[in-house]
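If you're matching them up, the sequences are chains A and B in order.
When we follow our numbering, the leftmost residue of the first sequence carries the number -10, and every step to the right adds one.
When we follow our numbering, the leftmost residue of the second sequence carries the number 8, and every step to the right adds one.
Treat the hints as calculated values from the structure; they're not laboratory data.
Please read these numbers as outputs of a predicted model, since none were measured by experiment.
Idealized CB from N, CA, C, for every residue including glycine.
Just so you know, not all the hints are guaranteed correct.
Unchecked claim - Simulated restraints on C-beta separations:
(1) B:Gln111 to A:Arg100: 56 to 62 Å
(2) A:Arg0 to B:Gln47: 53 to 59 Å
(3) B:Gly16 to A:Leu28: 21 to 27 Å
(4) B:Lys76 to A:Arg0: 29 to 35 Å
(5) B:Glu107 to A:Glu45: 54 to 60 Å
(6) B:Gln88 to A:Thr18: 45 to 51 Å
(7) B:Gln72 to A:Leu20: 48 to 54 Å
(8) B:Asp115 to A:Glu7: 23 to 29 Å
(9) B:Gln47 to A:Asp124: 40 to 46 Å
(10) A:Arg100 to B:Gly16: 16 to 22 Å
(11) A:Ser81 to B:Asp78: 53 to 59 Å
(12) B:Thr73 to A:Arg27: 26 to 32 Å
Said to hold, decoys possible - With the Cβ distance kept under 8 Å, some of the chain B side facing chain A (calculated, not the full set):
(13) Glu15
(14) Val18
(15) Gly25
(16) Asp26
(17) Asp41
(18) Ala65
(19) Ser85
(20) Pro89
(21) Met91
(22) Leu94
(23) Leu96
(24) Asp100
(25) Arg101
Unchecked claim - When the alpha-carbon atoms are kept at most 20 Å apart in a straight line, the in silico EDC-like pairs for lysine to aspartate or glutamate are as follows:
(26) B:Lys76 to A:Asp24
(27) B:Lys76 to A:Glu107
(28) A:Lys38 to B:Glu95
Each chain, written out:
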Amino acid sequence: MSSRPGRTEIRRAARSCEVDGEQRLFFLTILAQPDRLRLVRAAVSEAAKASGCSEECTRDIVLAVDEACQNVIRHAYGGQPGNEICIDVRRSDEKIVFDVMDFAEPVDPDRIKPRNLEEIRPGGLGTHFINECMDEAKYSTPPPGVGNLLRMAKRIA
Amino acid sequence: MSCEIRHEGDVAVVALSGDIDLESSPKVRSALLDCVGLKQAVLVDMSSVSYIDSSGVASLVEAFQTARKSDTRFGLVSVSQPAMRVLELARLDRIFSIFESVAQGIKDPE
């Protein structure tokens, strides 16, 4: 699978995420590299606040989406530069939904599990943070041309 | 993100501020390991940390473990609310020595 999607693949990915009853807040395509994560956090924070999320809820959402993007950068793309991540943010009356998509080789979701927190060691906390901060987090069947799709949802509170 | 180191007696105080994320955490890791490598007690002032992610937490854990191996004191000071939330999520608030102030951390006899 190409890790450099064309506009057609990105438009198709955006269309495939549209769900009745949800309003798109933004669809963002970024380079999959650490210096772009600040932009993601800023955009996600504003979207959460504008949707009525509290400060605590917004912080949790920002952490989860940041960690999801980090997983893509570090694991799906293996730190290789020049790849892209698409983030689709939608909201309904009661929740805000984040789809994080990459164009890497599909990853077996069963291999992505949080580690045992009793082990005190560096690393391996990203998936745990995502699960703790979001009400739902699940790898879904990606649209054609997309490698992996992580869908996360948080009740607006 | 900024990372400033000052010395108060035998203690190295590493003051972190801003966002500690995947981009900036290597700098934090390097600074903390350098201080721990001097076999000097290290206090990390986190009062101005606005954000920390799993990579930043990993830097703290690595420094903590390295310090423990060499019987060197390592503690956190004035942890900001956003950073404390993340430490609690990782259940590390029960593992790290956490002090209300640098003065309290320096006085701690442990």
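Here is what the structure says about each hint:
{"no.": "1", "hint": "B:Gln111 to A:Arg100: 56 to 62 Å", "in the structure": "violated, 44 Å"}
{"no.": "2", "hint": "A:Arg0 to B:Gln47: 53 to 59 Å", "in the structure": "holds, 56 Å"}
{"no.": "3", "hint": "B:Gly16 to A:Leu28: 21 to 27 Å", "in the structure": "violated, 42 Å"}
{"no.": "4", "hint": "B:Lys76 to A:Arg0: 29 to 35 Å", "in the structure": "violated, 53 Å"}
{"no.": "5", "hint": "B:Glu107 to A:Glu45: 54 to 60 Å", "in the structure": "violated, 22 Å"}
{"no.": "6", "hint": "B:Gln88 to A:Thr18: 45 to 51 Å", "in the structure": "violated, 33 Å"}
{"no.": "7", "hint": "B:Gln72 to A:Leu20: 48 to 54 Å", "in the structure": "violated, 33 Å"}
{"no.": "8", "hint": "B:Asp115 to A:Glu7: 23 to 29 Å", "in the structure": "violated, 56 Å"}
{"no.": "9", "hint": "B:Gln47 to A:Asp124: 40 to 46 Å", "in the structure": "holds, 44 Å"}
{"no.": "10", "hint": "A:Arg100 to B:Gly16: 16 to 22 Å", "in the structure": "violated, 49 Å"}
{"no.": "11", "hint": "A:Ser81 to B:Asp78: 53 to 59 Å", "in the structure": "holds, 55 Å"}
{"no.": "12", "hint": "B:Thr73 to A:Arg27: 26 to 32 Å", "in the structure": "holds, 28 Å"}
{"no.": "13", "hint": "Glu15", "in the structure": "violated, 27 Å"}
{"no.": "14", "hint": "Val18", "in the structure": "violated, 23 Å"}
{"no.": "15", "hint": "Gly25", "in the structure": "violated, 10 Å"}
{"no.": "16", "hint": "Asp26", "in the structure": "holds, 7 Å"}
{"no.": "17", "hint": "Asp41", "in the structure": "violated, 16 Å"}
{"no.": "18", "hint": "Ala65", "in the structure": "holds, 4 Å"}
{"no.": "19", "hint": "Ser85", "in the structure": "violated, 18 Å"}
{"no.": "20", "hint": "Pro89", "in the structure": "holds, 6 Å"}
{"no.": "21", "hint": "Met91", "in the structure": "violated, 11 Å"}
{"no.": "22", "hint": "Leu94", "in the structure": "violated, 11 Å"}
{"no.": "23", "hint": "Leu96", "in the structure": "holds, 5 Å"}
{"no.": "24", "hint": "Asp100", "in the structure": "violated, 12 Å"}
{"no.": "25", "hint": "Arg101", "in the structure": "violated, 10 Å"}
{"no.": "26", "hint": "B:Lys76 to A:Asp24", "in the structure": "violated, 33 Å"}
{"no.": "27", "hint": "B:Lys76 to A:Glu107", "in the structure": "holds, 18 Å"}
{"no.": "28", "hint": "A:Lys38 to B:Glu95", "in the structure": "violated, 23 Å"}
Hints 1, 3, 4, 5, 6, 7, 8, 10, 13, 14, 15, 17, 19, 21, 22, 24, 25, 26, 28 from the list above are not met by this structure, while the remaining hints are.
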